[in-house]
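Using the sequences and the hints, build the whole thing.
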Amino acid sequence: MHELVFCENIVRILHEQYKKLMKKKEFASGVRIERVGVALGELHQIVPESLLAAYEILTKDTPFAGSKLELRIIPCAVSCNSCGWNGVIKMPFFICKSCGKGDVDVSGGNELYIDNIEVEYDEH
Amino acid sequence: MMNIKVYKNILSANEEWAKKTRELLSNKKTLMWNIIGSPGAGKTALLERLIPALDGRLSCFVLEGDVETTNDAERLARLNIDVRQIITHGACHLGAETIYKALSELALPGDGGCVFVENVGNLVCPSEFDIGENGKIAVLSVTEGEDKPLKYPLLFREAKAVILTKIDLVPHLDVDTTVYRTNIQKINAKLPVFEVSARRGEGIENLKQWFLSGFEKY
Numbered sequence: 001m002h003e004l005v006f007c008e009n010i011v012r013i014l015h016e017q018y019k020k021l022m023k024k025k026e027f028a029s030g031v032r033i034e035r036v037g038v039a040l041g042e043l044h045q046i047v048p049e050s051l052l053a054a055y056e057i058l059t060k061d062t063p064f065a066g067s068k069l070e071l072r073i074i075p076c077a078v079s080c081n082s083c084g085w086n087g088v089i090k091m092p093f094f095i096c097k098s099c100g101k102g103d104v105d106v107s108g109g110n111e112l113y114i115d116n117i118e119v120e121y122d123e124h
Numbered sequence: 001m002m003n004i005k006v007y008k009n010i011l012s013a014n015e016e017w018a019k020k021t022r023e024l025l026s027n028k029k030t031l032m033w034n035i036i037g038s039p040g041a042g043k044t045a046l047l048e049r050l051i052p053a054l055d056g057r058l059s060c061f062v063l064e065g066d067v068e069t070t071n072d073a074e075r076l077a078r079l080n081i082d083v084r085q086i087i088t089h090g091a092c093h094l095g096a097e098t099i100y101k102a103l104s105e106l107a108l109p110g111d112g113g114c115v116f117v118e119n120v121g122n123l124v125c126p127s128e129f130d131i132g133e134n135g136k137i138a139v140l141s142v143t144e145g146e147d148k149p150l151k152y153p154l155l156f157r158e159a160k161a162v163i164l165t166k167i168d169l170v171p172h173l174d175v176d177t178t179v180y181r182t183n184i185q186k187i188n189a190k191l192p193v194f195e196v197s198a199r200r201g202e203g204i205e206n207l208k209q210w211f212l213s214g215f216e217k218y
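Order-wise, the sequence lines are chains A and B. Per the working numbering, the first sequence starts with residue 1, numbered consecutively. Per the working numbering, the second sequence starts with residue 1, numbered consecutively.
No lab work stands behind these hints, which were simulated from the structure alone. These numbers were taken from a predicted model, which means no experiment stands behind them. Where hints are given, some of them may not hold.
Unchecked claim - Derived CB-CB ranges, DEER-like: (1) A:Gly-30 - B:Lys-8: 32 to 40 Å; (2) A:Phe-93 - B:Lys-8: 50 to 58 Å; (3) A:Glu-16 - B:Gly-110: 37 to 45 Å; (4) B:Lys-19 - A:Ala-28: 34 to 42 Å; (5) B:Thr-182 - A:Glu-16: 41 to 49 Å; (6) A:Ile-57 - B:Gly-110: 44 to 52 Å; (7) B:Asn-9 - A:Pro-63: 17 to 25 Å; (8) B:Glu-16 - A:Met-91: 25 to 33 Å; (9) A:Phe-93 - B:Glu-202: 25 to 33 Å; (10) B:Ser-12 - A:Pro-63: 18 to 26 Å.
In this text, a Cβ means the ideal position worked out from N, Cα and C, and glycines have one as well.
What follows is the structure in C-alpha cells.
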C-alpha cells in the first residue's frame, strides 16, 4: 500500500529533472521523458504492478504522461563474514550458501533509485 | 533519443528529514527507537511496562502513531511522560518529516533522553522508512504465528532487536518460542530476541538492561 508514496517520490524527482533539462540549450526546442529506469532491490516489499499502476495515475497531466516506467529488479545478495562467500541468496533465508552460517551482510537487494531516463527532443 | 544517468535515491526527501532528526538526537545525546509490529502485538502494553522500569535512568518520551484515535497516547500519558499522538488518517507508516517536527516540540534534556516512536501497526510499510531512529525494534506476539519473521523479512533484517510479547499465553497456544527464534535467526542470525510478558512483567528487566546499554552501543 506504500507504492503510492514511492511513486510520488519518483514523480517529484522527475519534475526536478525535467526542470533541469528545460534549461539546457540542446533541449530548447522541447524535450519529452519517454522512459524512466528504476533499480528496485528485492528486499523492498514493493509490488511492481501497484507501482506501475500508481505511476500511470500520478503522471497523468504531467510532462511525463505516457512515459514508460521500467523496473530492474535486483536480487538479494550477501557477503559472508565467516567464509567470505559473496552471492545471491534465496529469499527470505539470509544464510551463506557456501558454509551455511548466518553471519552475513547484505551486499545487494537494498537498491531503490532512479537509474536513468530516456528523453526525446527536437534537434536543430 | 538520449539516455541520461540520474542515479537518485527515490526516498531522498525522506532521508533528508531523517538526517536532520539524527543531528537533533545526537546534539541532545538522546536515543530514538522505532517500535514496529502488527496491530494488537502489544506495543503499547510493552511501553506501559518498560517506561516505568526505565524511569529515573532515562527521560522517556513517546511519539504515538495511529491511523485514528488518541487511545494509546491517553494510556501512555498516565505514566506522567510527554506523549504526542500523531494521527495519520489512513497512512500506513510514519514519515521522517512528521517525526522531525514532532520531535522538535519535545523538551528533550541535554543528555539521557529516550524517545520511543510507536509506529502504525503494520509489519510492511514502516520497515521501509528511515525516520532517523537509532534502531528499529520488531515487536511480535506469540499469537501471530511462528512463520511471521519469514513472511516479513525486511523488518527482521533491519531490526536491532526483536521483542516476543505475550509469552504468558504460550501454555494456551500450539506454539513453541524456539521455533520463533529459529525463524528469526534464518533472517538475522545476530538479532537479540527478548521474550516478555507485559502483563506479568517477565523479561522486562533484561529488556531494560538492553535499552540502558544502548547508550554505549549507538
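Taking the hints in turn, this is what the structure says about them:
1. A:Gly-30 - B:Lys-8: 32 to 40 Å: Hint violated: Cβ distance 23 Å, outside 32 to 40 Å.
2. A:Phe-93 - B:Lys-8: 50 to 58 Å: 31 Å, violated
3. A:Glu-16 - B:Gly-110: 37 to 45 Å: 38 Å, holds
4. B:Lys-19 - A:Ala-28: 34 to 42 Å: Holds, since Lys-19 of chain B and Ala-28 of chain A (Cβ atoms, about 36 Å apart) stay within the stated range.
5. B:Thr-182 - A:Glu-16: 41 to 49 Å: 46 Å, holds
6. A:Ile-57 - B:Gly-110: 44 to 52 Å: 47 Å, holds
7. B:Asn-9 - A:Pro-63: 17 to 25 Å: 22 Å, holds
8. B:Glu-16 - A:Met-91: 25 to 33 Å: 30 Å, holds
9. A:Phe-93 - B:Glu-202: 25 to 33 Å: 31 Å, holds
10. B:Ser-12 - A:Pro-63: 18 to 26 Å: Holds: the Cβ-Cβ distance is about 21 Å, inside 18 to 26 Å.
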